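Undergrad: Heads up: the sequence lines are chains A and B, in that order.
Letter by letter, the first sequence follows residues 233 to 346 in our numbering.
Letter by letter, the second sequence follows residues -7 to 197 in our numbering.
No lab work stands behind these hints: they were computed from the structure.
Note that the structure is a prediction, hence the values are computed from the model and not measured.
A couple of the hints might just be wrong.
Only part of the chain B face toward chain A is listed, based on derived beta-carbon distances under 8 Å [stated by the list, open to error]:
| # | residue |
| --- | --- |
| 1 | THR6 |
| 2 | SER7 |
| 3 | LYS9 |
| 4 | LEU69 |
| 5 | LEU73 |
| 6 | TYR76 |
| 7 | LEU93 |
| 8 | ARG95 |
| 9 | GLY96 |
| 10 | SER98 |
| 11 | VAL169 |
| 12 | VAL173 |
| 13 | LEU176 |
| 14 | THR177 |
| 15 | ALA183 |
Quick reminder that beta carbons are idealized off the backbone N, C-alpha and C, glycines included.
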Amino acid sequence: MTANPWVRPYVLTGGRTRTRQTLHVHTLVSAPHYDPAFAARLLPEARSLYERAHDGVESVAELSANCGVPLGVTRVLLGDLAAGGRLELNAEALTSPYDPRVLKRVIHGLRDLA
Amino acid sequence: MAFATSPEGAPLPTSVKIVVAGGFGVGKTTLVSAVSEIPPVNTEAWMTQASKTVDAVYTDDDKTTTTVAMDFGRITLSQDLLLYLFGTPGQARFWQMWDDLCRGASGAVVLVDTRRLDASFAAVNYFENDTDVPFIVGVNLFDGVQTHALDEVREALRLSKNVPLIACDARDRQSVVQTLVTALTHSLEVASANAAGEQGTLARR
Chain A
233 MTANPWVRPY
243 VLTGGRTRTR
253 QTLHVHTLVS
263 APHYDPAFAA
273 RLLPEARSLY
283 ERAHDGVESV
293 AELSANCGVP
303 LGVTRVLLGD
313 LAAGGRLELN
323 AEALTSPYDP
333 RVLKRVIHGL
343 RDLA
Chain B
-7 MAFATSPEGA
3 PLPTSVKIVV
13 AGGFGVGKTT
23 LVSAVSEIPP
33 VNTEAWMTQA
43 SKTVDAVYTD
53 DDKTTTTVAM
63 DFGRITLSQD
73 LLLYLFGTPG
83 QARFWQMWDD
93 LCRGASGAVV
103 LVDTRRLDAS
113 FAAVNYFEND
123 TDVPFIVGVN
133 LFDGVQTHAL
143 DEVREALRLS
153 KNVPLIACDA
163 RDRQSVVQTL
173 VTALTHSLEV
183 ASANAAGEQG
193 TLARR
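The following block holds chain A by itself, in its conformation from the complex (with noise of 0.2 Å):
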């Protein structure tokens, strides 16, 4: 699904291009409890990327890609649909990026890819 063309993003979003949450394009979102009630009430965008988040663990870029819906409008309804409760975000992606424990694991797991 793409987004509609006929629709600007700032409608999909209530004139808003921030939101409560900071959503980096590498914070990973899911879905795990589904609600078809819920879903049936959302925008189709707000709907396509609850329900593509529910399929799968994906980034936020990547849901944004997949859904065909912009970035910015993406991190709005994502945002919404989290501060709802809906969908659960990987919070250590918003701490410290430098976390020597992850990036040792990571230069590891890059090593064993060569």
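Once you have looked at the hints, place chain B on chain A.
TA: For chain B alone, coordinates are given in the frame of chain A:
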């Protein structure tokens, strides 16, 4: 392809991000493609025609498309650890996206092409002055040939001695992996030096 939904209550994987920056047409998308398990997601297709009169691309090679928006790849390192690579938009008119991409990044690689170093001046400048994300510079070996000594490149870029400068081949998976390892190792060193500095400041109080 998406991951299977995590079991009830299981924590989501950890995600780490590295930014791949550099001027227009220096090989960022190539680098991301060399290691990503998903095709790099981008909006290149429509730029092929639309940008013809707008963006100058080096004409000696066969690059006919360019990246207009975000451009990223993913590497699953283990079930609970994902590495994302985000290529920056090459054109100066997308600067504001750089801040967004750098937020929360663990490291950065600025790619340069020695045939036109000036294409990456702005990117080096950005990482030196406008962000705290530690970065390294990768000299992309187009056609696998190193045409300039690394010292000369460092000189020409006026690059601080503290910034690692390495040669890499953006088409080669092994070389790209090594480049990413160098970037993260540098980030670890910078982070531990900063932590030691803070300790020192506290001790002197």
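Undergrad: Against each hint, give a clear statement of whether it holds in the structure.
TA: Here is how each hint holds up against the structure:
1. THR6: 6 Å, holds
2. SER7: Holds, because the Cβ-Cβ distance from SER7(B) to chain A comes to roughly 5 Å (cut-off 8 Å).
3. LYS9: 4 Å, holds
4. LEU69: Hint on LEU69(B): holds, closest Cβ of chain A at ~3 Å, below 8 Å.
5. LEU73: 6 Å, holds
6. TYR76: 4 Å, holds
7. LEU93: 6 Å, holds
8. ARG95: Since the shortest Cβ distance to chain A is 6 Å, the answer is holds.
9. GLY96: At about 4 Å, which falls below the 8 Å cut-off, the nearest Cβ of chain A leaves the hint on GLY96(B) intact, so it holds.
10. SER98: With a minimum Cβ separation of about 4 Å from chain A (threshold 8 Å), the hint on SER98(B) holds.
11. VAL169: 4 Å, holds
12. VAL173: Holds, because the Cβ-Cβ distance from VAL173(B) to chain A comes to roughly 5 Å (cut-off 8 Å).
13. LEU176: With a closest approach of 5 Å, the LEU176(B) hint holds.
14. THR177: Since chain A brings a Cβ to about 6 Å from THR177(B), closer than 8 Å, the hint holds.
15. ALA183: 4 Å, holds
Every hint, counting from the list given before, is met by this structure.
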